[in-house]
Every structure is written in C-alpha cells, then in structure tokens.
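Please construct the entire structure, taking both the sequences and the accompanying hints into account.
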Amino acid sequence: MSTSAQNQVSCSGKISETMQVMVKHKGCGTIGGSGKASCGSQAGIANLPIEIWEKVKNHPCYSEEAHHHYARMHVAVAPACNIQCNYCNRKYDCANESRPGIVSEKLTPEQAAKKVLAVASAIPQMSVVGVAGPGDPLANPDKTFRTFELVNKLAPDIKLCLSTNGLALPDHVDTIARLKVDHVTITINMIDPEIGAKIHPWIFYGHKRYTGIEAARILSNRQLQGLEMLTARGVLCKVNSVMIPGINDQHLVEVNKAVKSRGAFLHNVMPLISSPEHGTVFGLRGQRGPTAQEVTALQDSCESEMNMMRHCRQCRADAVGLLGEDRGAEFTMEKIMAMDIKYDEQARKEYQAKVEKARTANLVAKQEALARLASASSEIKVLVAVATKGSGLINQHFGHAKEFQVYELSTSGAKYVGHRAIHSYCQGGHGEDSKLEIAIGAIKDCHAIFVSKIGGCPKAELIKAGIEPVDRYACEFIDGSVTAWFQLYLDKVNEGKINHVERVDAAVRSNALTSAA
Amino acid sequence: MPFKIIASQCTGCSACETQCPNLAISERAGVFLIDPEKCTECAGYFDEPQCVAVCPVDNTCVLDAALPRHREPA
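Just so you know, the sequences run in chain order A and B. The UniProt record's numbering applies: residue 1 is where the first sequence begins, and numbers increase by one. The UniProt record's numbering applies: residue 1 is where the second sequence begins, and numbers increase by one.
Treat the hints as calculated values from the structure; they're not laboratory data. Treat the hints loosely; a few may be bogus.
Listed below are several chain B residues computed to face chain A (Cβ distance under 10 Å; list not exhaustive) [what the hints assert, rightly or not]:
no., residue
1, Gln19
2, Leu23
3, Gly30
4, Ala53
5, Val57
6, Asp64
Stretch by stretch, here's where chain B covers chain A in the computed footprint (C-beta under 8 Å, at least three residues) [as the list claims (entries may be wrong)]:
no., region
7, 78-87
8, 198-208
Beta carbons are placed, not taken as given, at the ideal position from N, Cα and C, and that holds for glycine.
Put into structure tokens, the structure is as follows:
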C-alpha cells in the first residue's frame with residue numbers, strides 16, 4: 001500500500017467517527033414508516049445503516065454538509081418527456097438561467113461519457129453524475145441506461161443518480177438496481193388527482209394520451225408504486241415537490257407524509273419558478289411563485305415529519321460543478337473534443353482525501369464552537385448571511401458573490417436555512433448601485449454578513465441598513481466563525497452594550513431563491 | 001394523409017421518434033421529420049397516432065392535407 005493510500009484510510013476512519021458525532025447532533029430520523037422522528041434528538045441519521053450513510057455523505061444534493069465540498073454534474077441525454085407540466089418549458093435556453101429542463105446542448109450517451117471523464121479529471125471533487133432531463137430520463141431509457149453503463153465502465157468510482165417524474169419508474173426499477181444507480185429523485189407534486197390535474201394537463205402512458213383527473217391518478221399511482229419498489233430494493237430516494245401557491249402549497253404536507261411512509265429519505269420542497277418570459281403555462285397565466293418566507297414556513301411544517309432539503313438550486317439539466325457555481329460553459333462538446341483527457345482515479349482519490357481532511361477540520365471546528373456555545377443560554381435567534389465559494393469556508397468577496405448562504409444562529413448552533421440569489425437572471429446592464437440594493441434587500445432579515453473582503457462603499461451601505469459586515473473571519477470555516485460571532489453578540493447583549501432587535505423580512509423577489517449560476 | 005411535423009413549432013424533444021411504430025420519424029439538424037411513405041397514421045398498431053399523443057406542443061404533429069389519407073376517419 002502506498003503512503004498516500006494509507007493516509008487516506010486513516011483519514012476516512014477518522015471521518016466516519018466525526019461524521020457519527022455530526023449526524024447524531026443533526027438528528028432527524030427519516031427511515032420510512034418508522035413514525036414521526038424526534039428532531040434534534042439522538043435519534044438521528046446515525047440510526048441509518050452505515051451503507052446508506054456512505055451513499056449520502058459525498059452527494060452534494062443529498063447532504064447539505066457535503067454540498068460545500070463535493071460537486072455533481074448532469075448529462076443532458078434525455079430530451080423526450082412523457083408528461084406535461086404547467087411549470088415546464090424546454091424550448092428556450094438562456095445561458096444565465098438555472099432551471100430544470102434547460103440545456104445548451106443535448107448529448108449522445110457516448111458524448112456524455114466523454115464529458116464525464118473530462119469534468120471528473122478537471123474537477124476531482126466531482127462525485128456524482130446524474131441524468132435529469134431535459135425531458136424525463138425514463139422516457140429515454142435506452143440513452144439514460146447506456147450512459148450509466150459507460151460511466152460504470154470508464155469511471156467506476158463515480159456515483160450515479162437520476163431524476164424522474166416517476167410515470168415509467170415501476171418498469172425500470174430492476175435496471176436501476178442492476179446498474180447500481182445510488183440515488184433516485186422523484187418529482188411528486190401531489191397525491192390528490194384533483195390537484196394533480198391542475199399541474200399536469202396530460203400524460204402519455206401505455207401508448208395513449210390521458211388528460212385531467214384520470215391522467216393525474218395514473219401518474220400518482222405510478223410514482224408512489226415506483227418509490228415503494230425502489231426503497232424495497234435499497235435504492236435511496238429523494239422526493240422533489242414544486243410548491244405552487246393556491247394549488248398544492250397546503251397539500252404538500254400530505255405529500256410529505258405519503259412519501260415518508262413509503263421510504264423516501266429526503267424531501268425537497270422547491271419554489272415554483274414562473275415568469276411570463278419562460279413561456280410556461282403558469283408563467284403566462286400569471287401564477288405566482290412562493291416567497292422565501294412561504295417556502296421556509298412549509299419546509300418547517302414538514303420538518304417534524306422528515307428531513308427537508310434546503311440547499312437546492314433547482315439547477316439546469318446540464319449543470320456542472322458545485323451547487324450554486326455552474327461551470328457548464330467550460331465543458332461544451334466543442335471544448336471537450338479539444339481536451340486532452342487523462343482520467344486518473346488515483347489522483348482523484350488523493351485529492352478527495354485532502355477534501356476529507358478539510359471537511360473533518362471543519363466538523364471539529366463546528367463541534368468546538370458548539371461546545372463553547374453550550375454554556376450560553378438565550379432565546380435569541382438571528383439570521384446571518386455568508387459569501388462562500390465552497391469548501392465550507394468564508395472565502396468570497398462581497399462583490400463577487402452571486403448568492404449568499406443563510407444560517408440561523410441559536411444557542412444550539414448554526415443551522416443552514418437556505419440561500420439567496422442576488423442578481424436576477426437575463427437582465428444584463430444593472431448598475432452597481434442597483435445590484436447593491438438588491439443584495440442588501442435579499443438579506444434584510446439578517447443581522448450580519450460574513451465575507452472574505454468588502455469595499456468601503458458597500459460596507460457603509462450595509463451598516464446603514466443595519467447589517468453588520470464581518471470580514472475578520474476571512475478564509476475560516478463558516479460554522480466555527482458564525483457561532484463565534486454569535487457568542488460575542490450574545491455577550492454584548494447580556495452586557496447591555498447592544499440592544500437585540502428583530503429584523504424585518506427580506507425583500508425576496510419571486511426568483512431570488514434560484515441561483516443565477 | 002400521413003402526419004407531418006410543423007418544423008417551426010417542433011422543440012426537437014425526440015419524444016415522437018421512439019413512439020412511432022413504423023420508424024417513420026427521424027431527425028435532421030434538431031428538427032424531426034415524418035416520412036410520408038412510412039406513416040400509416042398508426043393504423044393497425046394503436047388507437048391514436050403516437051406522434052400526436054406524445055408531442056408536447058399542441059398542433060405540431062398534424063395531418064398533411066396535401067397527401068391522400070391512409071385510412072378514412074372513423
């Protein structure tokens with residue numbers, strides 16, 4: 001065994017211990033059918049079988065903590081779809097948009113495999129390859145599964161996942177299990193066909209087009225059946241739901257219970273994206289999307305039942321890189337053809353061992369910060385924003401950030417609650433002033449913003465808006481820094497040096513929850 | 001009258017291609033075409049024309065009035 005391999009073994013051994021501590025702390029049991037889990041208690045992800053924990057720990061979409069460290073890519077090999085959704089329109093591509101169903105170029109399975117090798121060589125922390133459209137992967141089973149076969153053969157260390165509407169899922173469960181697909185995401189917006197009919201005008205099933213309530217009933221039955229079949233085979237399932245105010249927003253609590261009881265591991269409630277210029281039925285009809293506060297409130301009301309995903313960026317069907325930082329433009333087919341690709345699994349492992357080292361250090365810092373905070377007792381909760389480029393560090397300049405990560409701080413530590421995109425897409429030519437205004441508006445509910453660096457003018461404007469710009473933790477870990485800051489904040493409140501005031505709601509625009517990148 | 005695809009409306013999604021029982025549909029530069037020689041309006045295979053049923057854009061797979069019908073409408 002080489003030295004580096006030895007290092008890696010000892011490193012990952014240490015990690016699993018730290019992880020256990022971390023997951024115990026995080027604690028929300030999600031095993032299907034086990035009834036309501038006690039959130040925040042010792043009954044946490046730690047009661048998951050270790051092989052399931054192994055499956056999620058490096059998946060940026062399945063683990064919030066992992067999304068700072070690991071990257072994913074989607075390969076757009078699946079253009080066809082078998083259902084119609086009122087929130088979808090795959091006709092237009094805008095390079096700056098982050099929306100499911102959007103791609104710049106469709107790929108053949110062979111091109112996709114080549115792209116995977118190119119990206120995995122350039123981004124060694126790329127751990128997961130998914131097929132997520134632009135149509136439905138299982139309406140294109142040959143292309144999807146051929147892609148997976150090729151990736152399995154050429155890059156066996158990369159995990160596979162797919163995202164489906166579930167209509168064809170029961171027919172493909174065996175293939176999914178055979179090809180060692182680790183994770184499946186099913187988009188389930190309803191379990192009540194009456195509601196479904198308002199979201200999905202038609203489906204194509206068994207060589208026929210069905211419409212209305214009949215279509216929604218078939219779709220819902222197939223989705224839930226597929227979910228049950230997958231979880232029975234040990235394939236990890238996440239459920240995505242699009243939150244549409246006035247249509248399914250109240251109903252999603254029922255959906256949450258239904259999918260939890262069938263073994264779904266994680267529920268991701270996503271805000272509807274609808275602007276008239278997207279050309280979707282909802283967009284043209286003026287159906288609004290939910291505000292950030294509405295999404296958070298729904299996520300909170302579902303969280304007592306199961307883990308909720310809060311770091312989703314609703315990315316494109318050809319997204320590449322860390323969540324929130326799309327590098328797709330670097331990997332067009334034209335550029336890939338010109339690349340000299342050397343897929344080196346060992347080099348990837350060595351790089352990932354370094355990532356794990358940083359990740360462990362981050363977790364240790366988090367534990368230490370928590371331990372220090374444990375002595376403080378206060379009811380105060382504040383939100384703070386962080387500018388980060390990944391790796392769990394405060395490492396981005398205020399002016400360079402395209403989004404801020406928002407954490408809720410209390411004496412039980414820092415909890416990730418979401419991100420705020422800070423410039424609207426497809427609207428070039430903003431002056432700096434208006435950009436600053438948008439950025440400040442998006443985090444108006446926060447007490448502080450953590451950055452690696454910030455200029456004098458935005459600093460003054462932030463202070464004027466009552467948000468403290470904090471740059472003294474530059475390039476340090478997020479968790480440790482924000483809790484350290486919070487401790488000082490509490491001290492100052494206790495000593496009467498400052499008055500704690502509740503912040504107002506953020507001015508969150510309809511599309512502010514979706515990253516522009 | 002075989003079916004034809006209105007190219008200006010076609011999104012190139014390819015959903016119709018795999019559903020056609022006659023293998024009459026193919027792609028040319030991102031746009032799909034129906035070979036009128038092969039199209040049977042799905043007669044003998046399915047109750048409804050598959051390209052029409054699966055096409056995500058209404059009125060994009062339509063009967064080509066310039067050609068004789070394969071079968072009389074029911």
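Notebook entry, point to check: Can we keep the valine 57(B) interface hint, with Cβ of chain A closer than 10 Å?
Noted result: holds (8 Å)
Next item on the list: Have a go at the glutamine 19(B) hint: is there a Cβ in chain A nearer than 10 Å to its own Cβ?
Entry: Glutamine 19(B) check passes; min Cβ-Cβ to chain A is 7 Å, inside 10 Å.
Checklist line | Hint validity - alanine 53(B) Cβ closer than 10 Å to any chain A Cβ | finding: Nearest chain A Cβ about 4 Å off; hint holds.
Margin query: Is the interface hint satisfied for glycine 30(B)? The criterion is a beta-carbon contact with chain A at less than 10 Å.
Written below: holds (8 Å)
Item checked: Evaluation of the interface hint that places leucine 23(B) against chain A, nearest CB under 10 Å -> violated (14 Å)
Check: Taking a Cβ-Cβ distance under 8 Å as contact, does the region 198-208 of chain A have three or more residues in contact with chain B?
Finding: It holds, with 3 qualifying residues against the three required.
Check: Does the CB of aspartate 64(B) sit less than 10 Å away from some CB of chain A?
Finding: Violated, because the Cβ-Cβ distance from aspartate 64(B) to chain A comes to roughly 21 Å (cut-off 10 Å).
Next item on the list: Examine the region 78-87 of chain A for residues whose CB is less than 8 Å from any CB of chain B, and state whether their number is three or more.
Entry: Check passed, 5 qualifying residues.
In the structure shown, a violation is registered for the earlier hints numbered 2, 6, in ascending order.
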